[in-house]
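Engineer: Protein sequence lines correspond, in order, to chains A and B. The first sequence begins at 375 in the numbering used here and counts up by one. The second sequence begins at 99 in the numbering used here and counts up by one.
Hints were generated in silico from the structure; no laboratory data involved. One should not assume that every hint holds.
Unchecked claim - With a straight-line cut-off of 27 Å between C-alpha atoms, the simulated BS3-like cross-links for lysine-lysine are:
no., chain 1, residue 1, chain 2, residue 2
1, A, 591, A, 567
2, A, 444, A, 599
3, A, 501, A, 524
4, A, 466, A, 444
5, A, 1049, A, 799
6, A, 676, A, 854
7, B, 316, A, 379
8, A, 777, A, 676
9, B, 262, A, 676
10, B, 316, A, 763
11, A, 1128, A, 524
12, A, 763, B, 330
13, A, 377, A, 468
14, A, 466, A, 1001
15, A, 881, A, 599
16, A, 823, A, 1049
17, B, 214, A, 763
18, A, 1001, A, 799
19, A, 377, B, 214
20, A, 763, B, 262
21, A, 909, A, 937
22, A, 1002, A, 466
23, B, 128, B, 293
24, B, 214, A, 676
What the hints assert, rightly or not - Residues from chain B shown here face chain A by an in silico Cβ test under 10 Å; the list is partial:
no., residue
25, 137
26, 158
27, 180
28, 200
29, 316
Small disclaimer: the values here were computed from a predicted structure and weren't measured. Every residue, glycine too, gets a C-beta built ideally from N, C-alpha and C.
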Amino acid sequence: MLKRKLLRDLWQNRTQFISIFLMAFLGLFVFAGIDAESNGIGLSTDAYYQATNVADAWVVGNGFSESEVKKLVNLEEIESVDRKIVIQGKAKTKDGDELDMELNFLESMQSSYPYLIEGEPFSTEKKGIWLEQNFAEARGYHVGDIIRLKYENIEFAEQIKGIIIHPEYIFYTLDSDSMMPNYGDYGYGFLSKLEYPMQESLAYNRLVIGQNQESVKDMDSITFKELVKSTLDREELVVMEQSQNLGIDSIANEQSQHAAMGIIFSAVFLVIAVMGIVTTMNRMTSNQRIQIGTLKALGFSKARITWHYVSYGIVISAAGSILGAVLGKLLLPSLFLPSMSAYYILPEWKTGMSNQSYGAIILSILVSSIVSFLSCRKELRDMPAITLKPAAPKNLRHSLLEKSRLWLSLRFSTQWNIRDILRNKARSIMGIAGVAGCTMLLVCAFGCKDCCDEMVVWQYGQLNTAQYKVMFSQSTSNLKKREYSQQFKGQLVQEGSCEFRTAGRVKTGNVTVIDTGNYIHYQDFDGNEIAPPSKGIAMSYKLASVLGLEEGDFVEWHIVGEKDWEKSRITMLYRTPVGQGITLSREEFAALHYQFAPTCLNTNMSIPDYIKDSDEISGVISLEQLKKDLDENMEMMNIMVGVLILAAVLLGIIVLYNMGVLSFLEKTREVATLKVLGFSSGRIRRILRQQNNWITVIGIVMGLMLGYFLLDGIMQTMTEDQDMPTVIYTLSYVYSIIGTWVVSTGVNTVLSAKVKTICMVDALKGVE
Amino acid sequence: MTERTENVFIEFQGVSKEYGTADRVFYALKDASFTIHQGEMVVILGPSGAGKSTLLNLLGGMDTATRGTIVSCGEEISSYNDNQLTGYRARNVAVVFQFYNLIPTLTAYENVALMKDIVNDTMDPREALAQVGLSEHMHQFPAQMSGGEQQRTSIARAIAKNPKLLLCDEPTGALDTNTGREVLELLVRMSREEKKTVVMVTHNSFFADIADKVIRVKNGGIESVTINEHPKDASGVSW
């Protein structure tokens, strides 16, 4: 019979219980949904890496010999070594465009197999090319077609044997300045070494290594890297571990970012749900005090009664959590899929909840049960003789304010509301938390977009002001580059990869060497423009903090492909959103005995087509195009912002409505009394609205601050290669305030309309 | 008037219930001693604040005494802890309250059937409701019933449990005279025909006429215990 009581009580208090249900639902919907998505990424990549036996490490260098391969294979730590040549070629498409194409010529293949989408399996013994899927689709290539390729000045043609994707290219961009990929405008292909156009000089520049997992189990990455270098006795080599592959690293980071966001947002909902349960269960058990006394008097044991009341929490939170998790898993991942699959290339996108989701369901139910348990324990403490009587009125004490002179000068409505808030602290705190949560999510939503906009403005409006970036071919002479620089009044820049070494770790990053010019700018931590470095090296803040370095410290570094390690003092720190690394002036670079070999030219003058098509130029990137690509790829951000705004509004409505109904129910008698005394409904509504306005204002102020901290926290979860400043525009704060105010006033208008419906006679009748 | 000594069902010996601190003690009941026999209809009479409800609460195991010995239904309940008291209530006692204390979200039938959750050999709820004349209103919620109907439901709930001891706290307090008389008739019938021990607390001295024994309480003490050799029928009482 107590089960029936449970169901009918739930129905009678449905407004409150539905709001708790919705909170638990939303919390688990977001958590399990994002978990299913982020955990799904892990499942998908694991399956992909396993199917393709992705390499454990790569060695980048020049002219790897057969004996060097043997030396490595003889190491206990290494199971397989394959040589390959990776070159930056061009594809001459059917439309006549010349597009970048990274070509991999493999001597053998014991790890990192291409994943076949269509055609025949790849083999190092076969002729032809295996072409990347996005490029093939975008440019209309099919299996059996002939594709024309070009490397330096050599043109050659290959038949397409297969359409593939490759685990080393989960994410890749054309140059380090691009933040978003533009698949289809460039691509890659895999071929046998037999197809290499310069068979007379097979200069292998990459080793693909499969580790013996047993032997490297306890080995850290630095030791392994040193082992490879010392075995080959070549200090200039760069050894990259699997986690240093851009794609593998990016998608792993993405996965943890999503998981972190899932935790942050669902925590907000679950905290609110718990507060909802606290207020609702407290109200319910104190309202049912005499019923609890009766059940005790009838002979029900404490345990039975406790279990009965704990079931309320369990039923509601279990229903909300389980339904939320199921729907979250089904619906949320598909929201992320279009943008994720535009960003990362995987053969299959799986979804699947991890144990964390099941843990979250259990936690949600457990917390609700504990809260319910605590609130009914209070009523069960006394003997039934006490519980059968109505509770003694709260021991009201005058607050300090009420004792002051100021109190007497306050209007009745103000006094009434101050007392009401102070004497219903839990309800008031929950109301403030609801409003604050709503504002916080709104600030966060608008702020996310601001940060991205700000990053674009920062990177392409302040740090790099050139309209065009002209990329030189490898074969272009330095003299020619200087001529172009004079012709287009540009600034020459050498960009390359670099390895950094400190006591604790080894990290790869960028090295930028700048010639005189006015297109590349530098800013300190607070965004003030600072002069480019003239002496010593300048390091980006993010890299410095990752390596644990400060201005004035020394860092060891070496350019990929160069033999010598340099040890330089960091003379300046600068902030940049992408491309973390170091910058040197051309003079400083020369002082270290390096030859300045620019890789690109920054200019504002437009580049005529005949120069773009010249063999000396490998490509021209325009600022406009970069910005456009970025905007087009902002879908993911827009989805996130949309989800957040929706969540904020729902949160606001649910909490405020719940709080409003609670306070309204508690105040029914008081309101009826005021009516009997002759207060008009309009006057009473104004009194109720006043309290709501106070709570809204306090909540908004807190929410604005919390929103900033939440966003800052999210930005901190960005990868080591990005440095996103937390920026929230004033307008975003204004939108958040207006949004919260609209939700709050809307809910209050609906609720205060109930004042009219209060029947004075009914409300003032007996309590039972 | 002589007091029987055999078949003592309830015995209070020097029972006190104190509230307050060491320097300021308030006695809700002071040094109360009396006995009740099996099957007796007992009325505890006294004005508001005299200690009647305290007596009833102690008798029902709903409160604990500060001092003294209480034996009821063959158990010395004054030495019981919380859990033992719950067991005592479940096994032996049924209570009829002034304000009925029905569970508002359960129908009349369900309120009676609730007893099945505590006791194994309960009366069929339909039969209990039929005995109090409520077969027609079985599926109504308390809010849909009159005060008399609610109180009769509460009595049905009590008799369904088949208790050894039926305690009634001002059972007619919230009812009009006619309805109150019907309720009284039911309680008297329980005592006379079903041989249940019925203890009723009231401030209404007219009810003394229907009792086998009247215990008068005043200022927390027992003022007198009188035996009524010829108790009246409930139909003969008016107030």
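Engineer: For each hint, tell me whether it holds in the structure or not.
Structural biologist: Evaluation of the provided hints:
no.	hint	result
1	A:591 to A:567	33 Å, violated
2	A:444 to A:599	17 Å, holds
3	A:501 to A:524	17 Å, holds
4	A:466 to A:444	38 Å, violated
5	A:1049 to A:799	25 Å, holds
6	A:676 to A:854	91 Å, violated
7	B:316 to A:379	40 Å, violated
8	A:777 to A:676	43 Å, violated
9	B:262 to A:676	22 Å, holds
10	B:316 to A:763	22 Å, holds
11	A:1128 to A:524	78 Å, violated
12	A:763 to B:330	33 Å, violated
13	A:377 to A:468	73 Å, violated
14	A:466 to A:1001	26 Å, holds
15	A:881 to A:599	12 Å, holds
16	A:823 to A:1049	49 Å, violated
17	B:214 to A:763	25 Å, holds
18	A:1001 to A:799	51 Å, violated
19	A:377 to B:214	13 Å, holds
20	A:763 to B:262	25 Å, holds
21	A:909 to A:937	23 Å, holds
22	A:1002 to A:466	24 Å, holds
23	B:128 to B:293	30 Å, violated
24	B:214 to A:676	17 Å, holds
25	137	22 Å, violated
26	158	7 Å, holds
27	180	7 Å, holds
28	200	8 Å, holds
29	316	20 Å, violated
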